[in-house]
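Enquirer: Residue strings, one per chain:
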Amino acid sequence: MSEGAANSISRAFSATSVPLGRRVALAAVSLLIATCVWIPCVHLFFAPHLQDYVDTKGIPPEARALARRHLAFWGDPQLHVEELGKMRGSNPEWDFMGRTFLVLALANMGLRQPAAKEQYLAAIDRIIDDTLRLESEKGISFFLMDYLRGGVFVSQPPRSLFIDGEIALMLGARRMLAEKPEYRQLLTERVRLMVEYMRRSPVLSAESYPNECWTFCNTVALAAIRIADVLDGTDHSDFIAGWLDVAKRRLVDPRTGLLVAACTFDGSHKYGPEGSSIWMAAHCLQLVDEEFARDQYDRAKKELGRSVFGFGYAREWPASWTGPMDVDSGPVVPILGASPASSGLALLAASAFEDRAFLSRLLTSLRFAGFPLERNGALKFCAGNQVGDAVILYSIVLGPLWQKVREGVGR
Amino acid sequence: MTAKSKSWFRRSLGWSSFSPGGLLIWAAIIAGVFLSCHAAGLREYTTVISGTWPTEGRSSVFPVVLAGLYVVAYFAFVLLVPILVLASAVFLAVQLALPSKKKAPAAGGASAR
Numbered sequence: 001m002s003e004g005a006a007n008s009i010s011r012a013f014s015a016t017s018v019p020l021g022r023r024v025a026l027a028a029v030s031l032l033i034a035t036c037v038w039i040p041c042v043h044l045f046f047a048p049h050l051q052d053y054v055d056t057k058g059i060p061p062e063a064r065a066l067a068r069r070h071l072a073f074w075g076d077p078q079l080h081v082e083e084l085g086k087m088r089g090s091n092p093e094w095d096f097m098g099r100t101f102l103v104l105a106l107a108n109m110g111l112r113q114p115a116a117k118e119q120y121l122a123a124i125d126r127i128i129d130d131t132l133r134l135e136s137e138k139g140i141s142f143f144l145m146d147y148l149r150g151g152v153f154v155s156q157p158p159r160s161l162f163i164d165g166e167i168a169l170m171l172g173a174r175r176m177l178a179e180k181p182e183y184r185q186l187l188t189e190r191v192r193l194m195v196e197y198m199r200r201s202p203v204l205s206a207e208s209y210p211n212e213c214w215t216f217c218n219t220v221a222l223a224a225i226r227i228a229d230v231l232d233g234t235d236h237s238d239f240i241a242g243w244l245d246v247a248k249r250r251l252v253d254p255r256t257g258l259l260v261a262a263c264t265f266d267g268s269h270k271y272g273p274e275g276s277s278i279w280m281a282a283h284c285l286q287l288v289d290e291e292f293a294r295d296q297y298d299r300a301k302k303e304l305g306r307s308v309f310g311f312g313y314a315r316e317w318p319a320s321w322t323g324p325m326d327v328d329s330g331p332v333v334p335i336l337g338a339s340p341a342s343s344g345l346a347l348l349a350a351s352a353f354e355d356r357a358f359l360s361r362l363l364t365s366l367r368f369a370g371f372p373l374e375r376n377g378a379l380k381f382c383a384g385n386q387v388g389d390a391v392i393l394y395s396i397v398l399g400p401l402w403q404k405v406r407e408g409v410g411r
Numbered sequence: 412m413t414a415k416s417k418s419w420f421r422r423s424l425g426w427s428s429f430s431p432g433g434l435l436i437w438a439a440i441i442a443g444v445f446l447s448c449h450a451a452g453l454r455e456y457t458t459v460i461s462g463t464w465p466t467e468g469r470s471s472v473f474p475v476v477l478a479g480l481y482v483v484a485y486f487a488f489v490l491l492v493p494i495l496v497l498a499s500a501v502f503l504a505v506q507l508a509l510p511s512k513k514k515a516p517a518a519g520g521a522s523a524r
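Chain order of the listed sequences is A and B.
Take the first sequence: its letters are residues 1 to 411, numbered as in the working numbering.
Take the second sequence: its letters are residues 412 to 524, numbered as in the working numbering.
Chain A with its partners taken away, still in its complex shape (with noise of 0.2 Å):
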């Protein structure tokens, strides 16, 4: 490069020679310009390899990354305790929820990798029996938020179906990856009761909290009712065909056709559509009515699914509605509207119905903002906690353990 152009560029760096108004304007172009070009390119550089999170027979790596750190945990008194302390200090349905969705996401991972099911089946069954234990020794509110307290359960005596579901999800998944004869009865007693008291209420749902009857918990109770049916040669298909007339007649927001997120024991809806529910609802009807399921799942992709420049996220409430954020839906984003809650529970239904660019423009906003710390090979997500990354988790690698239900060979 001549002497002259190397200081033509070095003035045209500094651009001493232009005119300060002509340097700002110039500038201000320039940055327009370059934000047009890259705001619409950056999602490129978070967008996933989907074969490091979709594998439909083996275990994607960063499910191999995720699980890592779980079982470090859950194999670590210590570890445990601290690990689930913090998220206890914020709500302590997410550290139930965390077991739910780890005892899935490891039933799943024990039928895709059968070679690895005896490690999968010692964590799953230190995580069944120490909720037991806590439930037993700590009672249900242990595991329930402190609003608890204020009303009374219309049925009597006290029961939550955000307890009794989970337990007998948790209890036939691993029932389901591997028999435990002690786990039978168990199962067995805990879908006696959720029927009964889903019985009492004219909608068919039991509460969760006093007079809350959830649409979350409702369905994951009968996904559990269904699994039970598959292990045991039982059939609540009439209870079950009973629950989806009531729900289809009631519990559907008409403006929306989706299923309410909760009702009242008397089935008057409590709360709308909420995204926190809608999704793990969708993908627990997979298991009693496919169609409903689906017919669910493409409403809330449409009511609530959002996609800006590539990146993918989800509403908590359709446009029609909006509810109060809370500690379901999780700090919401002005304007956007995005629900990290929901957002994460759209990436397990986006899965569940394998809905792939869906999936992918999500995992392109987990990666983007969910800030991903992968340490000794073992992968968290630090804006979330260890809840989040059991659904992620669950979310990368459900499929098998739901097609065997489908299939009905759980004896």
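I should point out that these hints are in silico values taken from the structure, not numbers from a laboratory.
All values reported here derive from a predicted model rather than from experimental measurement.
Where is the CB? At the ideal position from N, CA and C, for every residue including glycine.
Keep in mind that the hints are not guaranteed to be accurate.
[Unchecked claim] Restraint-style ranges between C-beta atoms, simulated for each label pair:
1. B/G452 - A/G233: 49 to 55 Å
2. B/V472 - A/D52: 32 to 38 Å
3. B/V489 - A/L134: 37 to 43 Å
4. B/V476 - A/P61: 19 to 25 Å
5. B/V476 - A/D245: 52 to 58 Å
6. A/P254 - B/V472: 43 to 49 Å
7. B/A450 - A/N7: 49 to 55 Å
8. B/G443 - A/F45: 18 to 24 Å
9. B/G443 - A/E179: 54 to 60 Å
[Said to hold, decoys possible] Some chain A residues near chain B, calculated using beta-carbon distances under 8 Å:
10. R23
11. L26
12. A27
13. L31
14. A34
15. W38
16. K86
17. S90
18. P92
19. G330
20. P331
21. L373
22. G377
23. G384
Use these hints to put chain B onto chain A, whose structure you have.
Expert: Same frame as chain A, now just chain B:
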């Protein structure tokens, strides 16, 4: 820092911000702040976004401040730094493409102030 580099730094933060070089300086500053936050392990504190405290108990706002600092630095790094670099390139290209109407001053451009 030498007197010469101090002067260059001041110029970059001052009027020369509106120049390709100035935009690059800002990109480097933002990148430096983010990399420092990252190296200090502040990413771990972003768990407060989910309402989970990095340690048991919620008595201190310190984690919120650290998480906020990290989040701002991260998004600035991911969004602003590439924009500043691209803008610098566009600015430079425009300058080189357009004929200069005024002859450059001989010594360091101070007269343009």
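Enquirer: Determine for every hint whether it applies to the structure shown.
Expert: Verification of the supplied hints:
1. Separation of B/G452 from A/G233 is about 54 Å and conforms to the stated range, judged on CB atoms against 49 to 55 Å.
2. A beta carbon spacing of about 37 Å between B/V472 and A/D52 agrees with the range 32 to 38 Å that was offered as a hint.
3. A hinted range of 37 to 43 Å for the beta carbons of B/V489 and A/L134 is consistent with their spacing of about 41 Å.
4. Between B/V476 and A/P61 the Cβ separation comes to about 35 Å, which falls outside the hinted range of 19 to 25 Å.
5. About 53 Å separates the C-beta atoms of B/V476 and A/D245, a value consistent with the hinted range of 52 to 58 Å.
6. Take A/P254 and B/V472: their Cβ atoms lie about 44 Å apart, and the range 43 to 49 Å holds.
7. The hinted window of 49 to 55 Å between B/A450 and A/N7 is violated, with their beta carbons roughly 38 Å apart.
8. As the Cβ distance of B/G443 to A/F45 is approximately 20 Å, the hint placing it in 18 to 24 Å holds.
9. Restraint check, B/G443 to A/E179: a C-beta distance of roughly 59 Å satisfies the suggested window 54 to 60 Å.
10. Nearest Cβ of chain B to the Cβ of A/R23: about 4 Å, under the 8 Å cut. The hint holds.
11. Evaluation of the A/L26 hint against chain B yields a held restraint, the C-beta minimum of about 6 Å falling below 8 Å.
12. Against a cut-off of 8 Å between C-beta atoms, the interface hint on A/A27 holds, since the closest Cβ of chain B lies about 4 Å away.
13. Given the 8 Å rule on beta carbons, the hint for A/L31 holds: about 5 Å separates it from the nearest Cβ of chain B.
14. A least Cβ separation of about 4 Å between A/A34 and chain B falls short of the 8 Å threshold, and the interface hint therefore holds.
15. Look at A/W38: its Cβ gets to within about 5 Å of chain B, closer than 8 Å, so that hint holds up.
16. Using the Cβ-Cβ criterion of 8 Å, the hint placing A/K86 at the interface with chain B is satisfied: the shortest such distance is roughly 5 Å.
17. About 4 Å separates the beta-carbon of A/S90 from the nearest beta-carbon of chain B, less than 8 Å, and the hint is met.
18. The interface hint given for A/P92 is violated, since its Cβ lies 12 Å from the closest Cβ of chain B, which is over the 8 Å cut-off.
19. A least Cβ separation of about 6 Å between A/G330 and chain B falls short of the 8 Å threshold, and the interface hint therefore holds.
20. Because the smallest distance between the Cβ of A/P331 and any Cβ of chain B comes to about 7 Å, under 8 Å, the interface hint for this residue holds.
21. Contact between A/L373 and chain B, as hinted, is supported at the beta carbon level, the nearest pair being about 6 Å apart and thus within 8 Å.
22. At a threshold of 8 Å, the smallest CB-CB gap from A/G377 to chain B is about 17 Å, leaving the interface hint violated.
23. Using the Cβ-Cβ criterion of 8 Å, the hint placing A/G384 at the interface with chain B is satisfied: the shortest such distance is roughly 5 Å.
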